[in-house]
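Engineer: Just so you know, the protein sequences line up as chains A and B, in that order.
Take any residue in the first sequence, note its place counting from 1, add 192, and you have its number in this note's numbering.
Take any residue in the second sequence, note its place counting from 1, add 192, and you have its number in this note's numbering.
Hints in this document: simulated from the structure, not taken from any laboratory.
Just to be clear, a hint being listed does not mean it is correct.
Note: identical chains are not told apart, hence a pair may lie in one copy or across any two.
To be verified - Below, computed lysine-lysine pairings styled on DSSO-like, alpha-carbon distance capped at 30 Å:
1. Lys235 - Lys359
2. Lys308 - Lys359
3. Lys308 - Lys556
4. Lys362 - Lys556
5. Lys474 - Lys359
6. Lys515 - Lys368
7. Lys515 - Lys308
8. Lys368 - Lys545
9. Lys556 - Lys474
10. Lys556 - Lys235
Next come the chains, spelled out residue by residue.
There are 2 protein chains.
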Amino acid sequence: MTEYFSFELIAQDGRARAGIFHTPHGDIYTPCFAPVGTQATVKAVTPQQLQELGAGLILANTYHLYLRPGDDLVAEMGGLHQFMSWSGPILTDSGGFQIFSLADNRVIDDNGVTFKSHIDGSTHRLTPEVSMSIQENLGADIIMAFDECASPYDRGYNERAMQRTHKWAKRCVDVKTRQDQALFGIVQGGIFLDLRQQSAEYTGALDLPGNAIGGLSVGETKDEMHAVLEAIDPILPLDKPRYLMGVGTPEDLVNCVLRGVDIFDCVLPTRLARHNAAMTEKDRLNLVNATYARDPRPIDESCTCYTCRNYSRAYLRHLIVAKEMLSATLLSIHNLHTLLQLARDLRQAILEKRYQSFVDEYFK
Amino acid sequence: MTEYFSFELIAQDGRARAGIFHTPHGDIYTPCFAPVGTQATVKAVTPQQLQELGAGLILANTYHLYLRPGDDLVAEMGGLHQFMSWSGPILTDSGGFQIFSLADNRVIDDNGVTFKSHIDGSTHRLTPEVSMSIQENLGADIIMAFDECASPYDRGYNERAMQRTHKWAKRCVDVKTRQDQALFGIVQGGIFLDLRQQSAEYTGALDLPGNAIGGLSVGETKDEMHAVLEAIDPILPLDKPRYLMGVGTPEDLVNCVLRGVDIFDCVLPTRLARHNAAMTEKDRLNLVNATYARDPRPIDESCTCYTCRNYSRAYLRHLIVAKEMLSATLLSIHNLHTLLQLARDLRQAILEKRYQSFVDEYFK
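Make the full structure from the sequences, and use the hints.
Structural biologist: This is how it looks when you write it as structure tokens:
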């Protein structure tokens, strides 16, 4: 693809794909789930623990790091990899999604977005050019085009946001300078399949090293999300990775890999952990529940993570009740393992050409 | 000493001692600093991290675990080692010190203490017999006699508290049943050297597997503490470990090993970590300080801990400012390493018969 990036499509099974995305900081085996490290740390776990979990890619947020500690400071400290001591691949988003989520505290125009910081109310402006400059300072391996994410059911708004997203993607391509960063374009269009197809055509034609799908898991139904993925799968280049932004749950991974997605990210595992919930492949346990007070079993008897190999539900509940920080760490390790292991299992099923039977078994 | 416990005095250099205390869960190399895991967790670090730090002994608090989750629950889960997944040696205190700290919420009589829980105000009673029963349920390797810790300058109170401590120690010996736990007696007597000597005679004569020194670092001066240690050093049995409870700082370790102490514990390293302070052998850095915002250096350039090998002061400050939990973990790792490494260095200096020159160099 380039000197720094290439994607090997190793196996296909139906629309499901297994591949390797080669980056300057290592190989990403797909399907892949990326833990989210919003402020240059995956909350409550160390990079060493992430490495032991087998995380292949982690995500950091441009909006947050731009505001604090500042992308210039991160650059001065040697870039994100060195700053947070993560030697594997990193992806940064464009900052757009967080800013659009600020609702009343931002104004969008054709050229960019003016917004107020959630930290101190100070006014800032992000444009495609500024987003690229910040992301070049941060230095992630994969960077995202600056896009506009519209409310999923508003057709007029989605048409305008999609056009803007396309223009902005082109501007990102034009100003990007670093060869050791792969810029991904973003498909928008809400739940409207014709817009999504149009956006996939446009984005795919930019011939970037990867393509992302934005504006999903923002209020639409699962069926609508699946329909979008099915509509764009035949259009997006087969020989490039597809990244579904901000998704998902274990079910989402299974369903969306089935529809041609390679890369996922979501705050869910670490956020649930901080709210005392343990994920299993198909269920959740709220460990604060008194039911678990004297339960000697691990969260999941089939799980091989550090937490399940060493701790009872009774101990985890004790930590939660006693307000000990270790509960967030141990639950984050378990929840991240659940999604990372699921992604590895999905890959194995694809390599062995039994993906559909895996799905059938999973939802039985 | 017994089938389960023995102490090898490997080297002496002046009053400083290097030894090995053999326990059912492994050997404790002395001088030793024990991290404190009040509620069956050393705050913000995993047992795996503690093991990587080379911690030889950790402490847990009987008062806290009796109230929550309950010693019966811990016993049902296989005891503290299994409950908190720490396979090395554990020490529990008797519960006395925490209860005496409750001030207005406890009444002491010759038979024990009646107190109100800091959690829900419920009334409880601890006696030597109850403390032993709780500690047997918890199952630590080293358990402590139930003692009374008096205000250091009140002679009358110290006389009474010492007598009570002696009687209670005898009662603890009488009711103790488990052979795989080593009971340590506790020397009391405030700053009064004759009382301390009397208490050391009595406690030493109980011929227990180890002796502890209580009621220090509770308001007296360093000189007074040192004088007490010097007064009792010739009296306490040489062939048994001496444990100075609730002490200390790096300086305390250096000074008290010089005066014949083998084992220390203190919440300081992990508590400071949660208040953004990094310890070095001789100093402290408050990492929230803006001075460190763009400081690419590790906390201590000569430190070999995970935190110093991987992180800049700038990154640690960012975590603190952004209120990320990882700061407590990384600073706890560093602070614990500082004390654990110092204890190893002290041991090496004793083995090489250069302890006094180590001390001179340290305080230069």
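Engineer: When no copy is named, should lysine 235 and lysine 359 be tagged within, between, both, or neither for a Cα gap of at most 30 Å?
Structural biologist: For lysine 235 and lysine 359, the Cα distance exceeds 30 Å both inside one copy (35 Å) and across copies (50 Å).
Engineer: Which holds for lysine 308 with lysine 556 at a C-alpha limit of 30 Å: within a copy, between copies, both or neither?
Structural biologist: For lysine 308 and lysine 556, neither the intra-copy (47 Å) nor the inter-copy (53 Å) Cα distance is at most 30 Å.
Engineer: How do lysine 474 and lysine 359 come out at 30 Å by Cα distance, when the copy is not named: within, between, both, or neither?
Structural biologist: neither (41 Å within a copy, 58 Å between copies)
Engineer: When Cα atoms must be at most 30 Å apart, do lysine 308 and lysine 359 count as within-copy, between-copy, both, or neither?
Structural biologist: Within one copy only: 24 Å inside a chain, 68 Å across chains, cut-off 30 Å.
Engineer: Give the relationship of lysine 515 and lysine 368 under a CA distance limit of 30 Å: within one copy only, between copies only, both, or neither.
Structural biologist: Intra 46 Å, inter 32 Å, cutoff 30 Å: neither.
Engineer: Are the CA atoms of lysine 515 and lysine 308 at most 30 Å apart within a copy, between copies, both, or neither?
Structural biologist: between (34 Å within a copy, 20 Å between copies)
Engineer: Indicate which option fits the pair lysine 556, lysine 474 if close means a Cα-Cα distance not exceeding 30 Å: within, between, both or neither.
Structural biologist: Within one copy, since 11 Å is at most 30 Å while 62 Å is not.
Engineer: Could you figure out if lysine 362 and lysine 556 sit no more than 30 Å apart (CA to CA) within one copy, between two copies, both or neither?
Structural biologist: Classified as neither; 45 Å inside a copy, 64 Å across copies.
Engineer: As a check of your reading, is lysine 556 near lysine 235 (CA-CA no more than 30 Å) within one copy, between copies, both or neither?
Structural biologist: Cα proximity of lysine 556 and lysine 235: none, with 33 Å in one copy and 42 Å across.
Engineer: Within a copy, between copies, both or neither: where do lysine 368 and lysine 545 come within 30 Å Cα-Cα?
Structural biologist: neither (39 Å within a copy, 63 Å between copies)
Checked against the numbered hints above, the structure breaks hints 1, 3, 4, 5, 6, 8 and 10 and satisfies the rest.
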